[in-house]
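Undergrad: Below are the chains, spelled out letter by letter.
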Amino acid sequence: MADIWTNVEQDIKALCLPFDMTWELTRRCNLACCHCYNVKDGAEPSLEEIAGIAERLRRAGTLFVTLTGGEVFVRPDIVAVLRIVREAGFAIRIVTNGTLVEEEHIACLKSISLQEIGVSLYGVTAAVHERITGVPGSFEATCRTVQRLREAGLPVHIQSTVLKENFGEYRQIMRLAERWKVPCLIDPIVSPRDDGSRDVLVHRLEASQARRVYEDYFDQAPSPEKSQERFLCEAGRAMGAITAHGDILPCIQLPVAVGNIFHQELVDVWRDAPLLKKLRLADRGDFGACATCSRFALCHVCPGLAFLEDGHIFGPSSTACFTARTLEDYLAAKGDK
Amino acid sequence: MADTDSVVRRRPDCAWQHVNDKIVVVTAATRRVHILHGSGGALWGFLARPRRVDDCVVFLQQAYEVDADEARADVVDFFASLERERIVERIGQDAPQKD
Chain F
1 MADIWTNVEQ DIKALCLPFD MTWELTRRCN LACCHCYNVK DGAEPSLEEI
51 AGIAERLRRA GTLFVTLTGG EVFVRPDIVA VLRIVREAGF AIRIVTNGTL
101 VEEEHIACLK SISLQEIGVS LYGVTAAVHE RITGVPGSFE ATCRTVQRLR
151 EAGLPVHIQS TVLKENFGEY RQIMRLAERW KVPCLIDPIV SPRDDGSRDV
201 LVHRLEASQA RRVYEDYFDQ APSPEKSQER FLCEAGRAMG AITAHGDILP
251 CIQLPVAVGN IFHQELVDVW RDAPLLKKLR LADRGDFGAC ATCSRFALCH
301 VCPGLAFLED GHIFGPSSTA CFTARTLEDY LAAKGDK
Chain U
1 MADTDSVVRR RPDCAWQHVN DKIVVVTAAT RRVHILHGSG GALWGFLARP
51 RRVDDCVVFL QQAYEVDADE ARADVVDFFA SLERERIVER IGQDAPQKD
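Protein chains in written order, with my numbering: chain F, 1 to 337; chain U, 1 to 99.
The following block holds chain F by itself, in its conformation from the complex (with noise of 0.2 Å):
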């Protein structure tokens, strides 16, 4: 099974078939976190654009679509559009602030073959959620959903970006979820906003603080270091997104669109777009500083990072840069370098 698995990564990786896509099903949203980077233009597509994009994507190769916003479920129609994705034959993911999911909703998702929800949980108090949400009520609210999705034996997850806000917390978030017997992906990289505007940055984790995130992260992960072999991720490869205006993007965090589906064919702007033909062909030397950076080997490259905060796709991010540091100071510490 390993091996035909390998064989069929190759087959996709070789074929560049857009297997994992992100999809945007809108732009709104019932809250106003402090650090989201959409931008909250109100764009959403119809259902029956739904159905062409699906359609698209289906002929195009993807096989895994994670639907998110905005916030999915305040679409009023969201049962018909994940009906309509399910019939088309993909696997669904999920990401949500769990603050407008409703019976109904509940036993839609467990009809559609759900392989992942995750739901966005900032603190265990009410005082630190909101900080951050910017809504009384939605602490309340989307504790009593992951706990109903968890009773429902859907497959959830907590998902939480840790800021200066919710520091105090983020190890209370954690056990939380082991108290909850749910698993919590813990992430302290706020990005600038789609549209450029960087003053979500406030936000960020001090330098300190970012260290001990990341050492605990590094403490759960079985190698922090990466493979030589192909030190870029799969955006512009086996993975992309959708917008909510139908753009095409290598990655929903590195937004550059790259054609749109509401006028081109998928298949047809993922094998012929220059830009991801660049980003498949790139190697180390394209990188500029990176080339001969003595980081490398512990450095995740984003090009969506790097563009978003350096303006540049191809070369450091600030973000990536810090990282490497601190995997190479934990490392030392531990004594393993």
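Everything labelled a hint here was simulated from the structure, so no lab data went into it. For each residue, glycine too, the CB sits at the ideal point set by N, CA and C. Treat the hints loosely; a few may be bogus.
Cβ-to-Cβ under 8 Å is the rule here; a few derived chain F residues that face chain U [as the list claims (entries may be wrong)]:
(1) W5
(2) D11
(3) I12
(4) L17
(5) T62
(6) G89
(7) F90
(8) A91
(9) V95
(10) L154
(11) P155
With chain F fixed as given, assemble chain U onto it according to the hints.
TA: For chain U alone, kept in the frame of chain F given last:
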């Protein structure tokens, strides 16, 4: 699934996609990824609509030029394992419409 008169179909709760000459199937119950290739992929294609096991045997015989006994044994084994993994299901013995 030993009864070759029975009708099988792909489980509608599975997600799947072609990857080159293979089929990648993700099951709903276990969220496991399975790969079907060779005659397995061909049989999956043949199951685009529900089929009698007997018809699958004939399909395999013709597609791979194997004798009837070998084809029957392969199909029965294959469907038994797919049924265990919840990738296909038996839906009775009504003969589906002919092509």
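Undergrad: Against each hint, give a clear statement of whether it holds in the structure.
TA: Results for each hint:
1. W5: At about 6 Å, which falls below the 8 Å cut-off, the nearest Cβ of chain U leaves the hint on W5 of chain F intact, so it holds.
2. D11: Check passed: Cβ of D11 of chain F comes within 4 Å of chain U, closer than 8 Å.
3. I12: holds (6 Å)
4. L17: holds (7 Å)
5. T62: holds (7 Å)
6. G89: Holds: closest Cβ of chain U sits about 6 Å from G89 of chain F, inside 8 Å.
7. F90: Hint holds; F90 of chain F Cβ to chain U Cβ min 6 Å, cut 8 Å.
8. A91: holds (4 Å)
9. V95: violated (17 Å)
10. L154: Violated, about 11 Å.
11. P155: Constraint on P155 of chain F satisfied, holds at 7 Å.
Comparing the model with each numbered hint stated earlier shows that hints 9 and 10 do not hold.
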